[in-house]
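**Student:** Residue strings, one per chain:
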Amino acid sequence: MNDYTNYEVNDFIYDDFFITWVRERTPESIDFWDKWLLEHPEQQKNIAIAFNIVSGITVNLPKTKLSNEEIASMSAEIALRTSELQNKPRLKIYKQSWTKVAAILLLFISAGLWVYIVKNETTTGIYQQISIEKNLNQAENNSNKPKIVRLSDGSLAILQPGSTLTFPNVFNDKQRVVQLSGEAFFEIAHNKSKPFLVQTKEITTKVLGTSFSVEAFDDDEYAKVSVTTGRVSVSMNKDINQQKSVFLLPNEELTFQQHNTSFKKKQLHSPLPLSTPVIEKTFSFHNAPLAEIIEKLEMAYGVEIQYDKHMYGNMKITASLSDRPLDEKVKLICKAINADCSFPDGMIIIEKEHQ
Amino acid sequence: METSRTTSKEMELWNLFRNGDKTAYAYFIHTYSNSLFNYGYRIYTDHDFVKDCVQEVFIELWNRRNSINGTNSIKWYLFKSVRLRIFREAPKWNKNLPLEEDYQFAVEFNIEHQLIVDLETQELSSRIKSVLNRLPGRQREIMYLRFYENLNFDEISTIMQISKQSVHNLLQKAYHNFRKDWSYLLAIYFLPIQQ
Numbered sequence: 001m002n003d004y005t006n007y008e009v010n011d012f013i014y015d016d017f018f019i020t021w022v023r024e025r026t027p028e029s030i031d032f033w034d035k036w037l038l039e040h041p042e043q044q045k046n047i048a049i050a051f052n053i054v055s056g057i058t059v060n061l062p063k064t065k066l067s068n069e070e071i072a073s074m075s076a077e078i079a080l081r082t083s084e085l086q087n088k089p090r091l092k093i094y095k096q097s098w099t100k101v102a103a104i105l106l107l108f109i110s111a112g113l114w115v116y117i118v119k120n121e122t123t124t125g126i127y128q129q130i131s132i133e134k135n136l137n138q139a140e141n142n143s144n145k146p147k148i149v150r151l152s153d154g155s156l157a158i159l160q161p162g163s164t165l166t167f168p169n170v171f172n173d174k175q176r177v178v179q180l181s182g183e184a185f186f187e188i189a190h191n192k193s194k195p196f197l198v199q200t201k202e203i204t205t206k207v208l209g210t211s212f213s214v215e216a217f218d219d220d221e222y223a224k225v226s227v228t229t230g231r232v233s234v235s236m237n238k239d240i241n242q243q244k245s246v247f248l249l250p251n252e253e254l255t256f257q258q259h260n261t262s263f264k265k266k267q268l269h270s271p272l273p274l275s276t277p278v279i280e281k282t283f284s285f286h287n288a289p290l291a292e293i294i295e296k297l298e299m300a301y302g303v304e305i306q307y308d309k310h311m312y313g314n315m316k317i318t319a320s321l322s323d324r325p326l327d328e329k330v331k332l333i334c335k336a337i338n339a340d341c342s343f344p345d346g347m348i349i350i351e352k353e354h355q
Numbered sequence: 001m002e003t004s005r006t007t008s009k010e011m012e013l014w015n016l017f018r019n020g021d022k023t024a025y026a027y028f029i030h031t032y033s034n035s036l037f038n039y040g041y042r043i044y045t046d047h048d049f050v051k052d053c054v055q056e057v058f059i060e061l062w063n064r065r066n067s068i069n070g071t072n073s074i075k076w077y078l079f080k081s082v083r084l085r086i087f088r089e090a091p092k093w094n095k096n097l098p099l100e101e102d103y104q105f106a107v108e109f110n111i112e113h114q115l116i117v118d119l120e121t122q123e124l125s126s127r128i129k130s131v132l133n134r135l136p137g138r139q140r141e142i143m144y145l146r147f148y149e150n151l152n153f154d155e156i157s158t159i160m161q162i163s164k165q166s167v168h169n170l171l172q173k174a175y176h177n178f179r180k181d182w183s184y185l186l187a188i189y190f191l192p193i194q195q
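Protein sequences appear in the order of chains A and B.
The opening residue of the first sequence carries number 1 in the UniProt record's numbering; numbering runs sequentially from there.
The opening residue of the second sequence carries number 1 in the UniProt record's numbering; numbering runs sequentially from there.
Please note that the accuracy of each hint is not assured.
[Unchecked claim] No farther apart than 16 Å at their CA atoms in a straight line, the calculated lysine to aspartate or glutamate pairs in the EDC-like style are these: (1) A:65 x B:120; (2) B:22 x A:77; (3) A:352 x A:340; (4) A:281 x A:292; (5) B:51 x A:77; (6) A:335 x A:353; (7) A:331 x B:46; (8) B:164 x A:15; (9) A:335 x B:46; (10) B:173 x A:11; (11) B:51 x A:69; (12) B:92 x B:48; (13) B:51 x A:70; (14) A:45 x B:120; (15) A:335 x B:48; (16) A:65 x A:353; (17) A:309 x A:295; (18) B:164 x A:16; (19) B:173 x A:70; (20) A:331 x B:48.
These are calculated hints, taken from the structure and not from any lab test.
Given the sequences, and given the hints that come with them, work out the whole structure.
**Tutor:** This is the structure:
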């Protein structure tokens with residue numbers, strides 16, 4: 001124990017055991033100080049002052065805390081990562097992670113059903129297979145605008161009107177499987193050990209990570225896959241266990257014909273709007289007004305972003321947004337202009353920061 | 001106010017947690033998320049980044065639950081992990097906003113008396129308050145952990161990964177600042193008497 005006989009008020013204030021006595025009132029500190037005070041009446045005044053001061057010290061914090069929603073979503077993410085992957089290393093959804101994604105892949109799939117298929121026909125094997133998984137979510141877009149769906153692994157889907165996406169709350173250990181009827185654009189978080197599969201009625205498209213778009217309406221006679229960047233493999237569902245898959249490279253388009261169950265591959269003439277060279281050129285901004293950036297995003301992704309044009313439209317931004325998925329792009333923009341962004345019910349809204 | 005020493009209830013939950021109990025795990029997440037976030041945010045003022053750090057620390061905690069020694073306080077263990085992670089990850093997160101050695105620890109101290117105190121104590125209080133609020137970052141951090149989180153100097157030195165001696169040295173510096181002000185204060189006190 002320190003020799004407190006020559007302590008002044010300010011010495012007591014920085015003394016750990018004194019602070020413990022004043023603030024925490026532990027039994028041993030009370031024992032000690034009560035006794036010590038009796039033995040050293042000459043220090044009573046100093047101690048009384050120091051006691052008053054130490055007991056009065058408070059800490060004012062600026063208003064910063066995690067909201068209940070944030071804690072909830074954090075807990076969900078933790079639950080997901082501690083149940084599913086346990087000790088396996090995993091891609092962190094940091095800003096940088098997206099830049100490290102080596103193969104950015106953009107895929108556009110459009111697939112369809114026969115017009116003359118009876119509505120209530122029994123489901124196919126794959127449809128049954130996915131429905132076995134528990135905790136399935138279904139996002140349905142009955143509006144006339146594209147809708148954003150965020151998946152548990154950080155991937156993102158932009159669901160077009162009239163489309164339905166079925167996906168598990170938590171992907172299983174081996175692969176990430178979603179099921180689509182209609183059209184959607186995906187940006188998939190890179191994860192080599194867990195391939196991402198988009199299943200439509202007739203074909204399955206497999207990617208190892210990144211972004212792509214799928215269209216598969218139940219009343220078209222063809223399926224279409226076009227790749228913007230990266231590489232995918234497409235196979236017919238009836239061949240899923242055989243090795244008959246077709247590989248697609250950027251700017252290649254694959255058409256699946258229902259009537260003769262065949263694939264046809266062709267080269268596209270102009271690069272797709274979200275292919276690497278295009279996006280690198282389009283999404284590098286130097287002192288560009290926000291309105292222009294938003295417009296480009298809306299064009300490229302075919303979505304609508306709600307924001308206050310008067311308030312933010314003329315704000316200038318310098319940024320390179322080429323290697324991020326759409327929701328990350330929007331978040332970065334918000335950070336730059338000190339605004340909040342949210343994705344309620346599949347919309348994108350940028351608004352004034354909540355305090 | 002909770003104390004830094006792990007209560008028997010927490011000790012029980014801690015043992016449950018180490019045996020893989022998810023309810024105990026959830027308890028720690030809910031109890032400490034905000035204090036960890038608040039602490040981290042003083043060091044590096046980036047909401048998303050600090051949130052991410054807190055999350056990763058909890059995941060790491062789970063993954064290492066079998067290898068963590070029977071610690072007497074889960075609290076300082078969490079604080080230490082968050083601090084370490086912030087310093088390690090911040091340079092990767094934003095190269096334009098490096099975490100300086102002399103980071104600001106953004107917090108304001110106040111001294112509020114519940115009882116009516118004499119003039120002398122009032123004067124001293126306001127003086128001490130202004131000294132506390134002019135301390136450099138690391139010393140503010142020590143005082144924050146001591147007075148806001150009720151961690152003792154032993155725990156604080158573990159969290160900040162400095163020796164207990166360094167905690168004292170840092171406070172000694174604060175004390176020197178204090179001394180200067182103190183003599184000034186005494187001068188004011190004695191001035192009317194001398195006249």
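**Student:** Okay, which hints does this one fail, numbers in order?
**Tutor:** Hints 1, 19 are the ones this structure does not satisfy, whereas the remaining hints hold.
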